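Peer 1: Sequence:
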Amino acid sequence: MTYLSPLAYLLGIEGVALLRGIREGGADRAFVEARLTEIRALLDLPALDEEAEVITATHGTISTADVYRDWAPTYDEPGNGMIEIEQPLVRQILDGLPVGTALDAACGTGRHGAYLAELGHRVIGVDQSAEMLALAAVRLPDADLIQADLAAIPLPDDSVDTVVCGLALAHVPDLGPVLAEFARVLRPGGHLVISDAHLLLSYLRPTLPRRPGPDGRPSILTEYHRPLSAYLAAALPLGFQVRHCAEPGRPPSPTASGPLPTEMSWDLLRWCPEAASAAHDDAPVVVIWHFQLEVSGGSTSRAS
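With the first letter of the sequence shown counted as 1, position 133 gets the number 133 in the UniProt record's numbering; the numbers rise by one all the way through.
These are computed hints drawn from the structure, not numbers from a lab. Keep in mind that the hints are not guaranteed to be accurate.
Stated by the list, open to error - The calculated label-pair distances, taken between Cβ atoms and stated as ranges, are: (1) P73 with P46: 35 to 41 Å; (2) A41 with D267: 17 to 23 Å; (3) Y3 with H225: 40 to 46 Å; (4) E84 with G120: 50 to 56 Å; (5) A180 with G120: 27 to 33 Å; (6) R139 with E51: 39 to 45 Å; (7) E51 with P156: 55 to 61 Å.
Please read these numbers as outputs of a predicted model, since none were measured by experiment. Idealized CB from N, CA, C, for every residue including glycine.
Start from the sequences, fold in the hints, and give me the full structure.
Peer 2: Right, dumping it as structure tokens:
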């Protein structure tokens, strides 16, 4: 069970802001006193203490398929901050890769696949969500789209030149079998580009409950946020070599207007914008990896 208190989350953000300020040298007397004053004010606010909706949620009673069924209609709409940070850097890597056959693994609505097609690749898309694949079919009418699990990709060995997997591995309980499948379908010297939610982000953003699961309570989707070492531990024994790694941070964002929320949401940060900025700005949001599969004899050619 997770007890989701809006007030507790905001107090946590204030604490992160203080600790980060101490670590990075921005916690002068004025900043510290402002945080302590704001903490006292938050504790005294009836809207957060007496009127706020506190939710008790259970983990794992809602599936990834359930969540993506709900997300599919709005997934590509503007305002997805993680995609806005991740996508330009992934495309920058793809721009430097040779054109060939590309697998968009966990393709979703086909946003990376569409870019690969623009670059001239023959695109294959794989995803578990039928709802996402239906949207990808509209965007990628010439691609081969397959409903399948990433741990059992229905493609022959050595059949693709590039694999892209965008913001999906946090839903995979074990990286090993999935990366082994990527290595299997890649030709020697092929490229693997991965983006995933950063471990640090999972501590700074509130966990949002979803619709009730089978037990009738709000449910929290189980996600697997990993340290960077976990990706290396899974990839290097398979013959992948690191070509690039990036951890882009969250840029400063304007404060939205309107009534202040009292329920668990990312908009809660509007109660303490200075602390939210100190806690979040430039903190890593995603991790992006570019691996290349070694060829016989352990030699690989770098991407241009």
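Peer 1: Each hint: holds or not?
Peer 2: Do the hints match the structure? See the list:
P73 and P46 have their C-beta atoms about 37 Å apart, which keeps the hinted 35 to 41 Å range intact. Between A41 and D267 the CB atoms are about 18 Å apart, so this pair conforms to the stated range of 17 to 23 Å. For Y3 and H225, the Cβ-Cβ distance of about 20 Å falls outside the hinted range of 40 to 46 Å, so the restraint is violated. For E84 and G120, the hinted distance range of 50 to 56 Å is not satisfied, since their beta carbons lie about 25 Å from each other.
Separated by about 28 Å at the C-beta atoms, A180 and G120 satisfy the suggested range of 27 to 33 Å. The given range of 39 to 45 Å is respected by R139 and E51, whose C-beta atoms sit roughly 44 Å from each other. Roughly 60 Å separates the CB atoms of E51 and P156, a value that falls within the hinted 55 to 61 Å.
The structure fails hints 3, 4 (numbered hints given earlier, in ascending order).
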